[in-house]
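Quick note, the sequences are listed as chains X and W, same order. Quick note on this note's numbering: the first sequence kicks off at 1 and runs consecutively. Quick note on this note's numbering: the second sequence kicks off at 1 and runs consecutively.
Incorrect hints may have been included.
[What the hints assert, rightly or not] Chain X is nowhere near these chain W residues, computed Cβ spacing over 10 angstroms in every case: (1) Gly-52; (2) Ile-77; (3) Phe-107.
[Claimed, not checked] Now the in silico label distances, taken between C-beta atoms and shown as ranges: (4) W:Lys-296 with X:Lys-337: 35 to 45 angstroms; (5) X:Glu-165 with W:Tyr-140: 26 to 36 angstroms; (6) W:Ile-197 with X:Pro-154: 36 to 46 angstroms.
Please keep in mind that the hints were generated in silico from the structure rather than gathered at the bench. For each residue, glycine too, the CB sits at the ideal point set by N, CA and C.
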Amino acid sequence: MSSKKIDIKVTDISKGQGILVPIEPVDEIKLPPPYDKLEELPGFKKLTQQALDKYDGYVDGVIAVGVPKPQNEEEEQKLVESFLSGLMKLFSNENNWTFLQPLVLSMEHCAKCQTCNHDCPVYEASGEEEIYRPTYRAEILRRLYFKYVKPGSPLLKKFQYGDIELNWTLISRLVELSYRCTLCRRCAQSCPIGVDNGLITHELRKLFSQEMGIAPKELHEKGTVQQLEVGSSTGMNALVVKDNIEFIDEDMSEKVGFKVETKWDVEGADVLLIHNAGEILSWPENPGAFAILCELAGIKWTLSSEAVGYDGVNYGLFYDDVQLARIVVKHAEIAKKLGVKKIVMGECGHESKVLGIIGERIIGGDVHTENALTFMENIINSGKLNLNPDRNYFPVTLHDPCNLVRIMGVVEPQRRILRKIAPKFREMHPHGVRNYCCGGGSGFAVMSGNNFADWRMHFSGKMKFKQILDAFADEDLNSNSPKYVCAPCSNCKGQIRDILDFYGAKEKSGIYYGGLVELIINAVDDLKEPFIDFDMM
Amino acid sequence: MILIYILTILTVITFFVAVISKIIRISSAPVHLRWELYPVPHEGGGKAKYGGSRLEEPDWWEKKIHKDSLGELKVMIPEIVFLKGVWEHNKQLWIGSYPFHFSLYLFIVNIALFSIVTILKLLGNDVLFSGNIIGQIIYYAILIFAWTGSVLGIIGTIRLLFSRIVDPNLSKYSSASHYFNIIFIGSLYFTVFLWLISGRDFVADVSNFYYGFITFSTAVEIPTIGYWHIILSLLFIAYLPFTHMSHFFTKYFTYHKVRWEDEPNLPSSKLSKKLMEQLNYPVSWAAPHIGADGTKTWLAIATEIPKKEK
Chain X
1 MSSKKIDIKV
11 TDISKGQGIL
21 VPIEPVDEIK
31 LPPPYDKLEE
41 LPGFKKLTQQ
51 ALDKYDGYVD
61 GVIAVGVPKP
71 QNEEEEQKLV
81 ESFLSGLMKL
91 FSNENNWTFL
101 QPLVLSMEHC
111 AKCQTCNHDC
121 PVYEASGEEE
131 IYRPTYRAEI
141 LRRLYFKYVK
151 PGSPLLKKFQ
161 YGDIELNWTL
171 ISRLVELSYR
181 CTLCRRCAQS
191 CPIGVDNGLI
201 THELRKLFSQ
211 EMGIAPKELH
221 EKGTVQQLEV
231 GSSTGMNALV
241 VKDNIEFIDE
251 DMSEKVGFKV
261 ETKWDVEGAD
271 VLLIHNAGEI
281 LSWPENPGAF
291 AILCELAGIK
301 WTLSSEAVGY
311 DGVNYGLFYD
321 DVQLARIVVK
331 HAEIAKKLGV
341 KKIVMGECGH
351 ESKVLGIIGE
361 RIIGGDVHTE
371 NALTFMENII
381 NSGKLNLNPD
391 RNYFPVTLHD
401 PCNLVRIMGV
411 VEPQRRILRK
421 IAPKFREMHP
431 HGVRNYCCGG
441 GSGFAVMSGN
451 NFADWRMHFS
461 GKMKFKQILD
471 AFADEDLNSN
481 SPKYVCAPCS
491 NCKGQIRDIL
501 DFYGAKEKSG
511 IYYGGLVELI
521 INAVDDLKEP
531 FIDFDMM
Chain W
1 MILIYILTIL
11 TVITFFVAVI
21 SKIIRISSAP
31 VHLRWELYPV
41 PHEGGGKAKY
51 GGSRLEEPDW
61 WEKKIHKDSL
71 GELKVMIPEI
81 VFLKGVWEHN
91 KQLWIGSYPF
101 HFSLYLFIVN
111 IALFSIVTIL
121 KLLGNDVLFS
131 GNIIGQIIYY
141 AILIFAWTGS
151 VLGIIGTIRL
161 LFSRIVDPNL
171 SKYSSASHYF
181 NIIFIGSLYF
191 TVFLWLISGR
201 DFVADVSNFY
211 YGFITFSTAV
221 EIPTIGYWHI
231 ILSLLFIAYL
241 PFTHMSHFFT
251 KYFTYHKVRW
261 EDEPNLPSSK
271 LSKKLMEQLN
281 YPVSWAAPHI
291 GADGTKTWLA
301 IATEIPKKEK
């Protein structure tokens, strides 16, 4: 499965038709046995003829977005004009005050030194595929910016910044390319000048969504639109969510031997807990463990049953500032209406980032927010829990969600907790603010249409899987004795679940995954039975 | 010589006008949403060391924000003086880039030293040639910086040019100006080197030029290579702010106003007032789900129930 490299240049993006670079799985990141046989893994699913007829934007033979094909030349021309109009708006104070200053700085000062390249796990995992280089898509936007937005002599601009031909081929491919980066911003950390190619990708996605109405359906129609219309990106309305939580409460009560009861819409509560609603459906033990934790700590807490208030997801962060603002404003309104002291975000990285820092400049500083990791450490420090670390006597490693760690600087609370409750805790390398993304960042964890899931497994998630295996290198990877990957983020958990399934890591090596709160409750000595049941995972 | 003096004045004006107007343009951009990247070195309480933030503290808004400005200096100084970031992430590039940049620093130090001795001379103290020890130290410091700068600069230039040409990772992304800029800066190093080996007293020549410029004197004699160096230097200084190399000052913004900018939006603060103004900017994004018409504001759009999509 080795591919012969095609020599691609920046200007090739607008040339020809069809797939620019057909990609295949490669073996650049070596995995230890029993995961070292690339040929035993499924490759990329071939796209169906229906998909090929319907969509455009073939950059690598993968479809993440599904850019509808224009029906005729006139429509194509209109789309090019729409892109140009969006490009101008992206650089205007009124339409893009949210990110204009950092965007312009990143546009105008890149030295093209490529120092950032090897910080990108996708570029590395793909065997340094040119189109995945952090600077490739950024350079396309940069050239378009200098050509169409910045005033000046065309000849001089060409001399200074190079040229590029704008056409529908470029635009449609660029749409797809803007969804080949997880926005983890590891590349931005290494730029000596402070240029942020992750931000450029983010801004490209905004242009496509906010001006052209192009975005992956998982993030837009089934994501933010559904959340604003129905109440949650999962599709749950208030009745369904209450039903589900009631079921979880019953289950938890049975498990722990005392009554666990979620309170709804408690005015003046100390804490409004907002989970990523995906937890309620996919990992009910997580909100369940939070309920037990709050109960044991004697915290006056509540969930909100108002639409949007019971789902902390905000996919707007990944592709659309307006949708981002609408959801975060709704969260803030609900907190104010209930008069709670603070919002505590569940174990969800992007929710924490939006409510913790990004959204703060939209909703104002009078709504206080706290991330789950700090909240949990504070409870543990209060001494209200009777913890016995021996109950967690199995190997545990920690995944650092980019949004919580690199972007928010929440690094140590989760480690201090693990050092107290998990005697066999070990770090991945690198970790902390220099961690690698799980590969499901920027919405990828919920995007699996066409053959995009294959891409996530082979390219964006491979580095994380290697890190997980390396962290357990001192254990027997051919034994299925339990090993736990602690991922205190809903989207990261989704991606890690998919990677572990893809490689069969649970069956082969006993590698399980879960959140942090489950480990804390598992360590509570007063419970008769262990909270974590590996047989049921 | 008068023409060179006029060129010098025009260069200084162009440089400062271009730099100041760029600073104004960047500073007057709207306040953006927070987009910091940890580690943020001014985080206090030992947090900067591992990349932690105040968000690790429970109820952080009730606590005093401790900003450690010294922490920023601890990062900035090695970054500026040694190009630490390049060293850590791209050693191959550092081999060429460091001597290339360090030589420019040495030349800038020389400009400062020549300016000081010229001012002193105007005040009646020809410190360089008065025979006193300080004058001698300055004389030899200038000479050492010029020699070191020109030799290291030439080495850096050759290395960077070579990399740009032969390394496809760089050549694929290089425009004509990348090669031009390296050669241009290299020519400054090369002309100083030729001046130094020409047998002339380099320090005396340059200090005469500075004094001549301040007094607008035509009685200054410098060798042909000196003219070349001065003209090229002036052209480069005037050209610099119009290129991506303006990162020598815009880096302040990429670090302090983006990467390390973590100011909380406290109620009734200046920041919150500014943000409220911006939330009243009109929106004209055209996608149907936005529901903008060019007059509706961000605030209106963010708080209204969006139109149902078909």
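Consistency of the hints with the structure:
At the 10 angstroms boundary, the C-beta of Gly-52 (chain W) falls inside the reach of chain X, the nearest C-beta of that chain being 5 angstroms off. Every Cβ of chain X is farther than 10 angstroms from the Cβ of Ile-77 (chain W); the closest lies at roughly 14 angstroms, confirming the non-interface assignment. The Cβ of Phe-107 (chain W) sits about 20 angstroms from the closest Cβ of chain X, beyond the 10 angstroms cut-off, so the non-interface label holds. As the Cβ distance of Lys-296 (chain W) to Lys-337 (chain X) is approximately 24 angstroms, the hint placing it in 35 to 45 angstroms is violated.
A hinted range of 26 to 36 angstroms for the beta carbons of Glu-165 (chain X) and Tyr-140 (chain W) is inconsistent with their spacing of about 57 angstroms. In this structure, Ile-197 (chain W) and Pro-154 (chain X) meet the distance hint of 36 to 46 angstroms, their C-beta atoms being roughly 43 angstroms apart.
Checked against the numbered hints above, the structure violates hints 1, 4, 5; every other hint is satisfied.
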